Each structure stands twice: as C-alpha cells, then as structure tokens.
Amino acid sequence: MRRALSIAALASAGICLATPLKAQDHSGHAGHVMPKANEPEAAEAPEEPVDHSQMDHSQMDHAAMGHTTPPEAEPAAPVDHSQMDHSQMGHAAMGHDMPTAPSKDETPPARALEGPLHAADAIWGSEAMQPSRDNLVKDHGEMEVGTLMVERFEARIADGEEGYLWDAQAWYGGDIDKIWLKTEGEGEIGGSVEDFEVQALWSHAIAPFFDLQAGARLDIEPETRSHLVLGIQGLVPYMWHVDAALFLSDRGDLTARVEAEYDQKITQSLILQPRAEFELSASDIPERGIGAGLTKVEAGVRLRYEFTREFAPYLGAEYEAKLGDTADIARAAGDDPTGVKFLAGIRFWF
Amino acid sequence: MKLASHDKSSSLLPRRRFLMGTAGLIGATALPVPAWAKGVSMQHAAKGFGTMSGEDIRLDIQNSHYSTGGRSGHAQTVNGSVPGPLIRLKQGQNVRLHVTNHLEEDSSIHWHGLLLPFQFDGVPGVSFPGIKPHETFTYEFPIRQAGTYWWHSHSGLQEQAGLYGPLVIEASDGSDARFDRDYIVLLSEFTPVHPHEIMRKLKVGEHYFNRQMQSATDGNMSGDERRMWGAMRMNPRDVSDVTGSTYTFLMNGHGPADDLEYLFKPGERVRLRIINGSAMTFFNMRIPGVPMTVIQADGQDVLNHEVDELQIGVAETYDVVVTPPDGSHALVAEAMDRSGMAIASLTSHPGHKATAPALRETPTLTMADMGMGMEMGAMAGMSGMDGMDHGAMGHGQMGGGTMDHSKMSHSMRDTSILPEDVATGPGVDMVSPMPVDRMDYPGLGLENVGHRVLRYTDLRAKRANPVRAIEREIELHLTGNMERYMWSFDGRKYAAVKDDPIRFGFDERVRVTLVNDTMMAHPIHLHGHFFEIVNGAEQTRQPRKHTLVVQPGGKAAFDLTADEPGDWAFHCHLLYHMHAGMMQVVTVRPFPA
Ligand SMILES: [Cu+2]
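Protein chains in written order, with my numbering: chain A, 13 to 362; chain B, 3 to 595.
These are computed hints drawn from the structure, not numbers from a lab.
Note that the structure is predicted; figures quoted are calculated from it, not measured.
We put the beta carbon where it would ideally sit given N, CA and C, even for glycine.
Treat the hints with caution; some may be incorrect.
Simulated DEER-style distance windows between Cβ atoms [as the list claims (entries may be wrong)]:
1. A:Leu247 - B:Ser418: 20 to 30 Å
2. B:Glu363 - A:Pro249: 25 to 35 Å
3. B:Ile419 - A:Thr119: 48 to 58 Å
4. A:Glu156 - B:Asp175: 51 to 61 Å
5. B:Thr295 - A:Phe165: 55 to 65 Å
Rough simulated footprint, nothing fancy, chain A against chain B, three-plus residues with beta-carbon under 8 Å [to be verified]:
6. 211–222
7. 438–445
Pulled from the structure, derived: some chain B residues nowhere near chain A, Cβ distances all over 10 Å [as the list claims (entries may be wrong)]:
8. Glu106
9. Met201
10. Val309
11. Gly342
12. Ala539
From just these sequences and the hints, can you work out the full model?
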C-alpha cells in the first residue's frame, strides 16, 4: 500500500520537473546574458566563452559594469564595440579580470534602478503586498513598549518620626519618543500626605544616552500648584543614572532638582545603590519655607536584593540637609535642618 | 528520562534509515492533513522530528505546548513537533511545499540558504504577502543545490516559539553516501516567556537576562579597567542579550534533561549536520576527545579541516565528520556566554549517558571588541588584562601619546570617522575607532582554550569559484545602542530605509564590507544568494556562505555576484536585533527578469 503511494508520488514528481519556473529564466535581460557565475555547477566547468558578437553592446552600460577605464582617466570617447572583435576576446579578459580598481563610488549601476519599487508587487500585486509591507515596518524596529517602575517605596524612620515615601515612573513609546509619567510623594505613617506631585512628560531621545523631557508637573500637596517642566534624563559616564529638571511654577518661581544614582553589583542579585538628590531655587518661596540657592541635599545608600529582577526589597540610610536660607527658615520654625533616616522598602517594576 | 522510542527513530537518523526509509515517508507526506492538525485543542509538542520528502510536502503551523526539564510553556509547531520536520530533498527535484497556517495570526516559512525564485523565499512584506490565518500557501521551486540548510518562520518572533526545522538536500553526485551515519544536530532554545515579553524586557533594559554581569565579587578586571568601561557606559559582559536565565538550550528539540542519544558503532564515519536554528545564541560545539573534520559550511563543501571545537553563529550550519572511539562521548553545544548548554550522548552503548563537562568561565569582552584594532596575537592571555599598561598598548594613534581614559571614552564615539551616509544619533552609541579584519578570530571565549578551534580563515571552497573581478565596493556599518536596545545598518532602522533598498545590478560583482560599530557579534544573512567570504584564501577558494558573523568592533567582507533577480531580505539573524530594525532589503535588478 505504502509502496503504491510512493510510486504515485514519484510519478507526479516527473511531471513537475518538466515545468520550468518562470523566474529561473533570465534570458529576457537584454545585454545581461552572462553565465550564472555563482551556480555550483558553473564552478566546476571552465568559464564558457561568451560570444560577444551576439550581445548588443550599445545597450550596455559599460561603466556601470566595471569595464570602465580607471577613474582618474579623462572620460574617453565612446568606444565603438562593433569594431572590436569580441569573439576573440575572453570574457574574463574584457574587464572582469582587468586590474582596474573597483569603483570607490558606491552608486549602483543604472540597471539596478530598473523595474517596480517593490519586486513582489509584480508577482502578487501591490494591494496584496501593502498590508504585509506595513506590518514589516512595524515588526522591524517600530514596536512600542512600556514599563512601570516603582524605584522607591519605603518607610523612613528617624527618631520620633515614621514616614513613608514613594517614587515611581512609567513610560510608554518607541525608541525616540515616549510619554513619561512620574510621581513622588511622602507623608507620615498614620498621618497625612505632606508632599505629592505628578509629572506628565513627553520624552525625546537627543543623544545615545540622553532624553530631553518636557511637560507639566502638578503638586497636589502641600497645596495645588502647577509647573512647566524641562529636563534631561539619562546615563552619564561611569554609569550614573541622572534625572535633572527645571520647574517653572504658575507663580513664576523657578526651581530645579537633580537626582543621580548608581547600581553597584555586589553579586548578581545583591546591589548597593548610592543615590544623591539636590534641590535648588532661583528665588525665595516663603510659603514653602524655601530660600534662594541650593535648598536641600539628600545622600543615601540602599542595599537591595533582587529575588527577581522585578522585585527587590532593600534597606538603607539617608542623610538629609536643608541648606542656606532654607536651613535658617527651618531652624527658625524649630525644626532640625539635618537628619539621618533609616529606610526599608521595595523596588519593583513591571 | 529515557527517550520515547519514536524520538529516537525520528530525530536520529542512521544512514540506512535515512537513505532507505524515505520511500515510505514520501507516501506519508502524500496523505491529507493529519488528524492532530484538524483539532483545535492544544497539542503537546513532540520533541525531535519526523522526515518529509518527495515532491509534495504538507506543513501545518499550529499552537502547541512544550516542556523540557522544569520549564514548560506555549510553543508554535510545524506538524506537531519542536523542531518541525526534517525536509529531505534531492538536488535536481522539484518541490511543492503546502503550508497551512492554523494560527490566529499571519505566518510564513522561509527556506534558509536556498536558491529559489524570490517570490517563494517566504519573507512577508518582501517576497510575498505572508500566510493569513487558516490559509494554505504553496511554495514551488526546483532544488538547484545540495547540502545542509534549515527553515523557519519569518513572521514576528515566531521563530523563537518553535517554528523552525532542518532541511537537507542530497547531492545528485551521490557524495552523501560516503558516511556510515548521517545525523542532524539542530541547536535552538526554548523559553517559557513570550517572545514579545523578551523583546520588551530588552527594551526596558536593566540587562534583564544577564546573570553574569561583572560585579564586585565576579570578574577579574582591575579597578582601573572597570572605571574605563564605566566611563564608556559599556558593559564588558554584554556577551548574549538573552541567556540561560530564561533559555533551555535544545539539541533536536531535546533539553539537557531529555538525555538525547546519537548511536554509532566503533569505526563508523559519522556525519553531523550542525545547524544553529536558535534565535539568539552562538554555540561552542565540541565533543571532548573526538576531533571533528569540517566538510561543509552553510551547506557548501569546503576542504577537510580538522578541529577540536567550533563556534557556530546563529543561522550558520557546519557539517562535520567524526569517527568516535568506542564509548560514550558528550556532544556539547555550550552557549557562548556559558550560561547553559545543549547536550547529547554520542555513544556506542545505547542507554549509556556521557558525562557532561562543566560550563567554562564566562568570557569578558576586551578592547578588540570595542574596535580598538588590536592584533589577535596581542590578545593572547589578555582576557583578564590585569596590570595592563594602557599607555603602552599602541593606542597611541588614537589620542596621542599616553592615553587617559577620559579621552578614550571620547574616541569610542567619534562619528566624524564614519562615512557620510551613516546616520548618527541616539541609535548609535559607539563607533569602532580602528576596526580590523577579524576573520581569524575563533569567537569570543575560544581564544585560549588550548586546542584547535575553527576560524573563518581555515575555510577553503572545495570547488573553485569562477574568477570575477570586483566591479564595485560598498561599505555598510552595523550600528546600535545597547542601552536603548536599538539595532540598525548605517544608523538607520528598517523603517527609515524601507523604500531605499541596497541595489545591485544583475550579475554585478560587488565587494561588501561590513564594519561592526558595536560590541556584539552579528550574524549577517543575505537571502537567496551565496557570497564568498573574503578570508585570505585566493579568490577561487573563498568559501561560499549565506551568513557571515561580523565580530565585535571588527570588520568582515564578502564578494557577491548578484545573480538572483528580485527583492531579498538582508539582516542580522539575531532575532531581536532584526526585530529592533537591523534589516534592509537587497534588490537585484532588472526585475522582472
Ligand atoms: Cu545583530
């Protein structure tokens, strides 16, 4: 039974073999009738002498084919190939083997521009091809992705005070343009939220390691206030991640914030992260207890353990200091402008 | 785990079965769609593959489930197995491949390394419209060549999910009969993670899959060197983007836990057709104690060359012949980053498992991988580079006199040395300052292994190529940004060049030089052609290949006779690099012919 089937299959093979495939027949190229040099079979046989008397050389762009005179030569008068005895000339001797320097000009020969823009349209029709062609672009570099990263979500313990803090970022987009959302805030455990801000930014890659970010920031606490934001986020030499932004508030106050952090791997899963943050203000903002100048600095270190890349609890400590006039304002209010906090939190992302 | 008997008979093909069993299989292929393909319920994928041959071959693409070792997850299969069936053809025959797509998304199959009319090459959007869900597409073409090849989906990231398989063409001159056994060694990966999620994680960054990063307690670089790499914002352990942290490495669809066996009798000449059908992994192939004689590269005969190990880039194939002594030998395919291995036992004692060698130490990139133009000789023993005097290393040309590291970080992205047609911007994070030809490089991590390792410079075409002078030279830069996971040619992703193909005149002879401005090796594949790699052999002996690995920071050239009209895909065969945009169309005109 099987034998019979296979004989039938073999018989049908003979029939298919008799049908030459259209695309294999290159004889239609005027002036390009060349031996198919790269076929394995051709490799074994000595190269067939080409009968150039059969070829219409007037149609042939010799320059484009590498038969050209050396580039530094004057443009020569057109050679009348009809006067040349091509039948005596080995194909190889005709220039394929001539010691002419290959063209340094990368411009392809004229025949390389012939035909439809997309070859497949000539076979399957452009209507059938277009959707797959659109998809090809999407599938080769135009995908958009997103992520949500909670960089810090922590309890902050100083003597007598137990606070919490969050710092999260999400983005979505392509390689160059993305939408970013950032939120940061802190409060007292069991108490009210003291600081709460949200930023919505458009992000545009401006250099291999930097994005320019612009958008709006809305403070919900300590009071509602909106800002325009212009910033830069990226990776500086020595692998520090930096996020620096200017904020212009709806009352005309100009402030700035610079954050920098670095991941030092102790092992593949244990990571020590030093982190620093600076805040600046161009003017006094009395209602927020801020004096012009460098207003605040935070320097901390967090040691996290990545159970998975996406989930890492950490412990750490942070030194915080209000500076300059801002420190004076704090002192006047009876607060200590400096302090050390112990941190316990998790870093997680999706 | 002991192999189910069907595994053994289907994935391991002793020669007699190979040559004599095909008649029955031809009959099998003529049957209508098998029962399992009609059902909608998810099949559990078989490991290993059956054989399909004859003039009419039916392939059914469907969703499936796969598991090996402790990992399991979704897979896409052809005819119900991972890998899909061995397609075994004869040089000179004609074939019709009827491919039915049972998925809910478009699919395709590309015949990797085959010379064929471009409209049957199987790249949606380039050669044909793709295969819509629940449709059948028939590919039809004559088989003009012989050798070892493979096939895979060219749609989305389906190749990662299981849509690949081996393809072998028996030479019409009967030369395949010289061996006592003829085996496929198809290397690939399985991951339970959805390929799109892998892509997303690569884009989000954090070196997500790399569990071999240099740390305070790992790596033997000096502090000075660590700072130098840090200054350049580069990572000396960027060896593989996706690793054994999510991949189980497979040999003929079998993970290490599956105890795959290749049987032989002492004295037999065993041909191993090694195919790297993985999405992202370069493998170091060796059989400790058994030398391998390379006889084919990318399906093309080469002069015999004996080695103890070879690194095979993604999408390459090597055929080797071994004559193992009595016993059980480990057939080892170690991932280049040493994060895992695929392994089988090459044994003369059925059921006797060979001892697996330990994974070797993860290699670390060197300055040559940054395109610092170092001689390979000078690299010997330098993998650690401890106590290296950077000033004395001949970087003098780069920044003058003694070099300080801040200058070096500058010179790593001097875009002024790029040709004008290379776009710079966020997508290009590095420019090789002094790219050199690295054809004699054995592959990362194999510089100092103490035994014979294959290099491209060892390969010689067995049959002489015709002599053709180069008519034109072009240069293409392989570019990228590791942090952003952007990859491109000449700084442009596919979208930017979709209507601007690389153009060749029909029968034009062109030398194409690929300059790698990144720190990763890229296996660059041209569809529908063989080119001859410029490896120092005289022109007639330059080996013919379809895929060329361009080493990090180096350059490599091939000579191409563009004699296949139409549009062809040209891309990096690292799947996620291609998906990130490292692809362009090559067109050979005039077309239509
Ligand atoms: Cu690549």
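Structure versus earlier hints, numbers of those that do not hold, lowest first = 3, 7 and 9
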